[in-house]
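**Student:** In case you want the letters, here they are:
2 protein chains.
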Amino acid sequence: MQKYIPILKKTKIFAGVSDDEIVSMLSCLGARLKTYEKGECVFRQGEHITDITVLLEGSLHIQKDDYWGNRSILGEISAGEMFGEAYVAYDSGPMLNDVVAKEHSAVIFLDVKRILSSCSSACRFHALVVQNLFFAISEKNRKLVQKLGHMSKRTTREKLISYLSEQAKKQNSASFTIPFNRQQLADFLAVDRSAMSNELCKMRDEGLLEFEKNKFRLL
Amino acid sequence: MQKYIPILKKTKIFAGVSDDEIVSMLSCLGARLKTYEKGECVFRQGEHITDITVLLEGSLHIQKDDYWGNRSILGEISAGEMFGEAYVAYDSGPMLNDVVAKEHSAVIFLDVKRILSSCSSACRFHALVVQNLFFAISEKNRKLVQKLGHMSKRTTREKLISYLSEQAKKQNSASFTIPFNRQQLADFLAVDRSAMSNELCKMRDEGLLEFEKNKFRLL
DNA sequence: TCATTTCTGTTGTAAAAACAACCGAATTGT
DNA sequence: ACAATTCGGTTGTTTTTACAACAGAAATGA
Numbered sequence: 002m003q004k005y006i007p008i009l010k011k012t013k014i015f016a017g018v019s020d021d022e023i024v025s026m027l028s029c030l031g032a033r034l035k036t037y038e039k040g041e042c043v044f045r046q047g048e049h050i051t052d053i054t055v056l057l058e059g060s061l062h063i064q065k066d067d068y069w070g071n072r073s074i075l076g077e078i079s080a081g082e083m084f085g086e087a088y089v090a091y092d093s094g095p096m097l098n099d100v101v102a103k104e105h106s107a108v109i110f111l112d113v114k115r116i117l118s119s120c121s122s123a124c125r126f127h128a129l130v131v132q133n134l135f136f137a138i139s140e141k142n143r144k145l146v147q148k149l150g151h152m153s154k155r156t157t158r159e160k161l162i163s164y165l166s167e168q169a170k171k172q173n174s175a176s177f178t179i180p181f182n183r184q185q186l187a188d189f190l191a192v193d194r195s196a197m198s199n200e201l202c203k204m205r206d207e208g209l210l211e212f213e214k215n216k217f218r219l220l
Numbered sequence: 002m003q004k005y006i007p008i009l010k011k012t013k014i015f016a017g018v019s020d021d022e023i024v025s026m027l028s029c030l031g032a033r034l035k036t037y038e039k040g041e042c043v044f045r046q047g048e049h050i051t052d053i054t055v056l057l058e059g060s061l062h063i064q065k066d067d068y069w070g071n072r073s074i075l076g077e078i079s080a081g082e083m084f085g086e087a088y089v090a091y092d093s094g095p096m097l098n099d100v101v102a103k104e105h106s107a108v109i110f111l112d113v114k115r116i117l118s119s120c121s122s123a124c125r126f127h128a129l130v131v132q133n134l135f136f137a138i139s140e141k142n143r144k145l146v147q148k149l150g151h152m153s154k155r156t157t158r159e160k161l162i163s164y165l166s167e168q169a170k171k172q173n174s175a176s177f178t179i180p181f182n183r184q185q186l187a188d189f190l191a192v193d194r195s196a197m198s199n200e201l202c203k204m205r206d207e208g209l210l211e212f213e214k215n216k217f218r219l220l
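Sequence lines, in order, name chains F and G.
Per the numbering used here, the first sequence starts with residue 2, numbered consecutively.
Per the numbering used here, the second sequence starts with residue 2, numbered consecutively.
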């Protein structure tokens, strides 16, 4: 476990917690470490889970198979990222996805009930971890709501306007830089890249905005 | 405050907490009650918020104005619902929406830091409330991810397949009932109702599924 | 530096969705 | 029971998107 301390320190959940405190917390929380080889499942569709997990090494794919067997990759988890936090609630249904190791991977399991219950004075940082965890989920929640706001627009143009407006607000300026290239933006908004590129240029020609690479300016 | 105890008992955050305990917790948490008349803002775009709120009476609209001033209604909050929980994180940016009273409304504000910090022995239910809050956000998170999964599909048919597959899994049967009528399902998936109705019938004609009202069966 | 790859914009075509309008059946309320 | 409303399905038209293919510019790398 010791060798993973540096990566644990960088996770959102242990932000601001010292090496020693992390070690004592891990035992206090009854953390379990498990390794997986390529293709092995960390979580399976249908499972009820009670642990939050952090990926320490390797990478995982979140996969989903529909009723007729078509598989799609919903996302990728890289080292340092937390997952499973959305499934640990009492009344949460079972996992609807598989989580599969893409390569040799190491995962740490943390029982969410033990995190949320107060503990002996031995781990003074417990409260901080609870706050970290809460803020991490809260933050994720916020991002999801925003993305949903863009995606619920009907046309590519409306999606772009929604996304770019939000970026302008967030960066508090009509000029701003986005963290995506065209293909990534198209994937994020779930539209076709060329259609989106086309629409952006039309909007530019209509005088709605200017752009160069990933720098934009709303007019 | 006393008259709102029944509604507070029904909220997710105070689930399982007795009347007396709610009263003592509210003071322990420094809860503040505020009323709004129609049209008044509970939260304004740009604000940084530190409180989770619960609507006790009335109803609120979540509104958003884009860069060019077009307003859209993102959602409605009814009595008993919690909101703001996605914006309370340290590094969370400012609110990007307005929250406006649709009618005379009463709102209670709870400082999230005080909820997450442990307190004196006076409120024994504190740990339960933290867990409730955590599970509520976790649950919301899960629903958002699922909805995003459907909405990221390109065609109406794919969205339907994604949604219906999930329902079948969740209810563990190829036959199941959905909680929406056609218009609501269309709104949920952000597609046109008639186009969706059309697509459903095509899928039925192709032998993919059967349905009657909101009862479906996948084949 | 030169070859290769990635990125972005452009175009045309086929497919799909949005929209509007309408109808009959079911439901609701009085 | 009857009127009014809601609901679901259908059709045709217009708009928008997806898809495929291509080209020039920029970035990358050997």
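Careful: at least some of the hints might be erroneous.
Intra- or inter-copy, both count: the list cannot distinguish identical chains.
[Stated by the list, open to error] Below, a list of computed lysine-lysine pairs in the DSSO-like style, where the Cα atoms sit at most 30 angstroms apart:
id	residue 1	residue 2
1	Lys4	Lys170
2	Lys141	Lys203
3	Lys39	Lys154
4	Lys203	Lys11
5	Lys39	Lys171
Just so you know, the hints here were simulated from the structure itself, not pulled from any lab data.
**Student:** None of the hints should be skipped; say for each whether it holds.
**Tutor:** Quick rundown of the hints versus the structure:
Proximity of Lys4 to Lys170 under the C-alpha cut-off of 30 angstroms is found in neither arrangement, the shortest distances being 42 angstroms within a copy and 40 angstroms between copies. Proximity of Lys141 and Lys203 under a CA criterion of 30 angstroms is satisfied in neither setting, with 33 angstroms inside one chain copy and 37 angstroms between copies. For a Cα distance limit of 30 angstroms, the shortest separation of Lys39 from Lys154 across copies, 28 angstroms, qualifies, whereas the shortest one inside one copy, 38 angstroms, does not. In this assembly of identical chains, Lys203 and Lys11 lie within 30 angstroms of each other by CA distance neither inside one copy nor across copies; the values are 43 angstroms within and 51 angstroms between.
In the homo-oligomer, the alpha carbons of Lys39 and Lys171 lie at most 30 angstroms apart only across protomers (28 angstroms), although the nearest pairing inside one protomer, at 39 angstroms, exceeds that limit.
This entry does not satisfy hints 1, 2 and 4, going by the numbered hints stated previously.
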